[in-house]
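Counting in our numbering, the sequence shown tops out at residue 363, every number present.
Treat the hints with care, since some could be wrong.
Here are the simulated SDA-like pairs of lysine to any residue, each with C-alpha atoms no more than 25 Å apart in a straight line [unchecked claim]: (1) Lys-188 x Ala-261; (2) Lys-113 x Gly-77; (3) Lys-321 x Glu-190; (4) Lys-191 x Tyr-167; (5) Lys-322 x Ala-305; (6) Lys-113 x Ser-333; (7) Lys-113 x Gly-62; (8) Lys-284 x Met-199; (9) Lys-191 x Asp-259; (10) Lys-191 x Ser-180; (11) Lys-321 x Val-310; (12) Lys-284 x Gly-183; (13) Lys-322 x Arg-186; (14) Lys-79 x Glu-233.
Derived CB-CB ranges, DEER-like [to be verified]: (15) Glu-168 x Gly-4: 42 to 52 Å; (16) Gln-135 x Trp-315: 17 to 27 Å; (17) Glu-114 x Thr-326: 41 to 51 Å; (18) Glu-257 x Thr-156: 28 to 38 Å; (19) Ala-139 x Asp-17: 24 to 34 Å.
Treat the hints as calculated values from the structure; they're not laboratory data. Positions of the beta carbon are idealized from the N, C-alpha and C atoms, including for glycine.
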Amino acid sequence: MSEGTEVEVLADSSVADEATAAAWRRLAEARENPFLTPEWFRAWLATYGEEEPFALLWRRDGELRGVLPLVRVRSRGVKLLRFAGARRGDWFTPACRLEDEAEMAAACARLLKERRGDWGLLVLDRIDRESAWPQALWAAGVETVVAPAAERRTDTLPFIGFEEGGYEAYLAARSRNFRSQLGRRRRKLEKEHGLSFRMTAGAGELEADFDVFLRLHDERWDERGGSSSGAAEVREFQRAFATAALEQGWLRLWIAEADGAPQAAWYGWRLGDRYCYSLSGLAKEYEDFALGTVLLAHTIEQAAAEGATVYDLMWGDEGYKKRFETGQRDAASWVLGKRRSPLSAAASLGIALERRARSARGR
Numbered sequence: 001m002s003e004g005t006e007v008e009v010l011a012d013s014s015v016a017d018e019a020t021a022a023a024w025r026r027l028a029e030a031r032e033n034p035f036l037t038p039e040w041f042r043a044w045l046a047t048y049g050e051e052e053p054f055a056l057l058w059r060r061d062g063e064l065r066g067v068l069p070l071v072r073v074r075s076r077g078v079k080l081l082r083f084a085g086a087r088r089g090d091w092f093t094p095a096c097r098l099e100d101e102a103e104m105a106a107a108c109a110r111l112l113k114e115r116r117g118d119w120g121l122l123v124l125d126r127i128d129r130e131s132a133w134p135q136a137l138w139a140a141g142v143e144t145v146v147a148p149a150a151e152r153r154t155d156t157l158p159f160i161g162f163e164e165g166g167y168e169a170y171l172a173a174r175s176r177n178f179r180s181q182l183g184r185r186r187r188k189l190e191k192e193h194g195l196s197f198r199m200t201a202g203a204g205e206l207e208a209d210f211d212v213f214l215r216l217h218d219e220r221w222d223e224r225g226g227s228s229s230g231a232a233e234v235r236e237f238q239r240a241f242a243t244a245a246l247e248q249g250w251l252r253l254w255i256a257e258a259d260g261a262p263q264a265a266w267y268g269w270r271l272g273d274r275y276c277y278s279l280s281g282l283a284k285e286y287e288d289f290a291l292g293t294v295l296l297a298h299t300i301e302q303a304a305a306e307g308a309t310v311y312d313l314m315w316g317d318e319g320y321k322k323r324f325e326t327g328q329r330d331a332a333s334w335v336l337g338k339r340r341s342p343l344s345a346a347a348s349l350g351i352a353l354e355r356r357a358r359s360a361r362g363r
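Work out the full structure: start from the sequences and follow the hints.
Quick look at the structure:
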């Protein structure tokens, strides 16, 4: 470990020290990632009390320079360390500067060795490919941490990158048919159904607007087997994080109204120069009018107007995203364990079998 650096485990879900929380928040904002924030960490643990906080705080000369927001979960008798809210977050990295990742990894590897009795496997879900982790972690912890021969899985993260000229330049680069359909549908909704848009602006509007979003989200997914966000605890968590995100100025909750009532909703956030699309909802009777597509285009236009440079369409390569995206990046998931541990061998075997099964399904 470099001289003057140290790592501690934060075992308090409240993150009671607000100076620490503020420094942590700045690091997450610099990575433009809502899933790394102390607000996400707090909301998750407040909802899922059976998961234990195990965040790694890395300091250099007393300054907080990095956070790995982990929790400890017991699964089939195994103590797993994984990102807080990994089941709901789209991509993860350490909350630190990109150039600090290798040094932070060395410090974290040493702590994991010291605390090796506290964990069995380290599960790193959807690590952004731009990140040096987990390679830097096992390279630094040669005697402690070992990785399987290959990552567990890779997921696609489509995005829109805005060039000079903003939304107009983005539209100009799309096909003529795309521009024509989008404009025609919006004009028809405005003329015949009084289409308008509004964004939740204050705490007094949030509860009602979030209820509208949930209702429309359910309506969109009811005939598709239901939403993975339908469970009560998931909604409790999302509402708690939305409240905290509003306080920090990150929340973007858009409502599209037509014929005098809310008919579509878009839920996401903005951190730094990145606009993040999380979930949406749509009334069934407006599917044929493509109101969901029109609302999505509106949020893209607003993101550019706000000065965002990236509109993140988030995890998944659904067909409608392909119509809008300008690029894709990848996120890989890994399972790491202690060297010479039976759990590590079992994890490696399980991953090999999982990859073989996916390959067979693909064929």
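field: Indices of hints not satisfied (ascending)
entry: none
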